[in-house]
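Engineer: My request is simple: use the sequences and hints to build the entire structure.
Heads up: the sequence lines are chains X and B, in that order. Take the first sequence: its letters are residues 24 to 216, numbered as in this note's numbering. Take the second sequence: its letters are residues 192 to 388, numbered as in this note's numbering.
The hints are simulated quantities; they were obtained by calculation from the structure and are not laboratory data. Quantities reported herein were computed from a predicted structural model and do not represent experimental measurements. C-beta atoms are modelled at their ideal positions from N, C-alpha and C, and glycine is treated no differently. Hints may be right or wrong, so weigh each one.
Said to hold, decoys possible - Cβ-to-Cβ under 8 angstroms is the rule here; a few derived chain B residues that face chain X:
#, residue
1, Trp196
2, Asn198
3, Val200
4, Leu201
5, Gly202
6, Ala205
7, Thr210
8, Gly213
9, Leu216
10, Ala220
Unchecked claim - Computed footprint of chain B on chain X; a stretch qualifies when at least three of its residues, placed anywhere within it, have a C-beta under 8 angstroms from a C-beta of chain B:
#, segment
11, 90-99
12, 107-119
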Amino acid sequence: MTELGLIIVSAALVNNFVLVQFLGLCPFMGVSSRLDSALGMSLATAFVLTLSSVVAYAIQSLLLIPLDAMWLKTLAFIVAIAVAVQFTELALKKTSPLLHAVLGIYLPLITTNCAVLGVALLNTNRAHSLAESAFYGVGAALGFSLVLILFSGVRERLAFADIPTPFAGASIALITAGFMALAFMGFSGMIRL
Amino acid sequence: MSANWLNLVLGALALTGLTFAGGILLSFAVRHFRVDGNPLVDSIDAILPQTQCGQCGHPGCRPYAEAIAGGELINRCPPGGQDTVDRLAELLGVDSLPLDADPETAAIDQVALIIEEDCIGCTKCIQACPVDAILGAAKLMHTVLPDLCTGCDLCIAPCPVDCIEMVPRTMAPNTWTPLAPEIISSDRTTTGVALHV
Numbered sequence: 024m025t026e027l028g029l030i031i032v033s034a035a036l037v038n039n040f041v042l043v044q045f046l047g048l049c050p051f052m053g054v055s056s057r058l059d060s061a062l063g064m065s066l067a068t069a070f071v072l073t074l075s076s077v078v079a080y081a082i083q084s085l086l087l088i089p090l091d092a093m094w095l096k097t098l099a100f101i102v103a104i105a106v107a108v109q110f111t112e113l114a115l116k117k118t119s120p121l122l123h124a125v126l127g128i129y130l131p132l133i134t135t136n137c138a139v140l141g142v143a144l145l146n147t148n149r150a151h152s153l154a155e156s157a158f159y160g161v162g163a164a165l166g167f168s169l170v171l172i173l174f175s176g177v178r179e180r181l182a183f184a185d186i187p188t189p190f191a192g193a194s195i196a197l198i199t200a201g202f203m204a205l206a207f208m209g210f211s212g213m214i215r216l
Numbered sequence: 192m193s194a195n196w197l198n199l200v201l202g203a204l205a206l207t208g209l210t211f212a213g214g215i216l217l218s219f220a221v222r223h224f225r226v227d228g229n230p231l232v233d234s235i236d237a238i239l240p241q242t243q244c245g246q247c248g249h250p251g252c253r254p255y256a257e258a259i260a261g262g263e264l265i266n267r268c269p270p271g272g273q274d275t276v277d278r279l280a281e282l283l284g285v286d287s288l289p290l291d292a293d294p295e296t297a298a299i300d301q302v303a304l305i306i307e308e309d310c311i312g313c314t315k316c317i318q319a320c321p322v323d324a325i326l327g328a329a330k331l332m333h334t335v336l337p338d339l340c341t342g343c344d345l346c347i348a349p350c351p352v353d354c355i356e357m358v359p360r361t362m363a364p365n366t367w368t369p370l371a372p373e374i375i376s377s378d379r380t381t382t383g384v385a386l387h388v
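Structural biologist: Shown next as structure tokens:
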């Protein structure tokens, strides 16, 4: 149990997907200009990351290892994750229009995001079990959501700040992201896994 | 060497199978989870007043809801008034617009009134009324039920003898609200709905 807790903290803070491992940078820069869209994106990512960890584990243990075909893992993971997310989106649209309205446009957006594939591949590399894979996905999602929501809050304030023209827009956003990454380096060494 | 080849073929077959299975699953899901119509249209239609009056330029509320979902302006519904425009704006997340209607007539709550001595009983206004608020039969006098009339004035144009006019809705006595209840003591307990002016 402690092990699982440590995996979550490790994935969320110490090895934060966005600021330490530099995965999922496109939604981090693209969907962070408004807080409410960042919230929707966080929820969708949390869902997809957890789902993709489990799906990738199933594909790996049921298909790739018995056939000795681990060299196909990238392709197989992409196909399986894309199918799972697309299926969930269709099912969600029918069964829960409210949830679909919150997550709807963000789900397909992150289907083949590098963070989503990254969590699957990192799980494989670390030889995580099913529970460990799922918790690693949850931790990655928590870290991603935390950083995305913090960053969108900062960017909403930056939009009203008096920024010199050469730095306005994407430049100041990237500089801010750099500072956040520096801050997150403070977590390294907190846990050793 | 042959083991390598076997491994390669098996892997390729497994990936093909996985992709096919995914494709079949998704095509099944598309059929099984199909949503008929646009759910947004239903939400818009629920806000519109359902008078089916056609003053927006569409044959009814549902077609206007579909047009709004397709990008039509939201301020074309006089029976709904400014209140409906504001609620549509909130639903769609756009800025509210002033109601696109003659402000003089839009502000007044009107009903149709048939001048009964002129009515020839042609039933044309009955066919035009979207809410069945006109009572009557062929060659017999017609009359408007003010409780049901929405004031859409669609019955005015078909009338061959011009015996229908729009009048302000008369208020029932219990909807009167004293204008200065703090001054007249007997009015202090009177409750009611504010006058539509």
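Engineer: Confirm or reject each hint.
Structural biologist: Hints versus structure:
1. With 8 angstroms as the threshold, the beta carbon of tryptophan 196 (chain B) stays out of range of chain X, its nearest partner Cβ sitting at about 13 angstroms, so the hint is violated.
2. Of the supplied interface hints, the one on asparagine 198 (chain B) holds, with its beta-carbon coming within about 6 angstroms of a beta-carbon of chain X, less than 8 angstroms.
3. The beta carbon of valine 200 (chain B) comes no nearer than 10 angstroms to any beta carbon in chain X, farther than 8 angstroms, and the hint placing it at the interface is violated.
4. With a least beta-carbon distance of about 5 angstroms to chain X, the hint placing leucine 201 (chain B) at the interface is held under the 8 angstroms criterion.
5. A hinted interface residue such as glycine 202 (chain B) counts as satisfied when its beta carbon comes closer than 8 angstroms to some beta carbon of chain X; here the least separation is about 4 angstroms, so the hint holds.
6. For alanine 205 (chain B), the shortest C-beta to C-beta distance to chain X is roughly 5 angstroms, which falls under 8 angstroms, so the interface hint holds.
7. The interface hint given for threonine 210 (chain B) holds, since its Cβ lies 5 angstroms from the closest Cβ of chain X, which is under the 8 angstroms cut-off.
8. Because the smallest distance between the Cβ of glycine 213 (chain B) and any Cβ of chain X comes to about 4 angstroms, under 8 angstroms, the interface hint for this residue holds.
9. The beta carbon of leucine 216 (chain B) comes within 6 angstroms of a beta carbon in chain X, closer than 8 angstroms, and the hint placing it at the interface holds.
10. About 4 angstroms separates the beta-carbon of alanine 220 (chain B) from the nearest beta-carbon of chain X, less than 8 angstroms, and the hint is met.
11. Requiring three or more residues with a Cβ within less than 8 angstroms of a Cβ of chain B, the coverage given for the segment 90-99 of chain X holds, as 7 such residues are present.
12. Three residues within the 8 angstroms Cβ limit are the bar, and the segment 107-119 of chain X against chain B gives 7, so the coverage statement holds.
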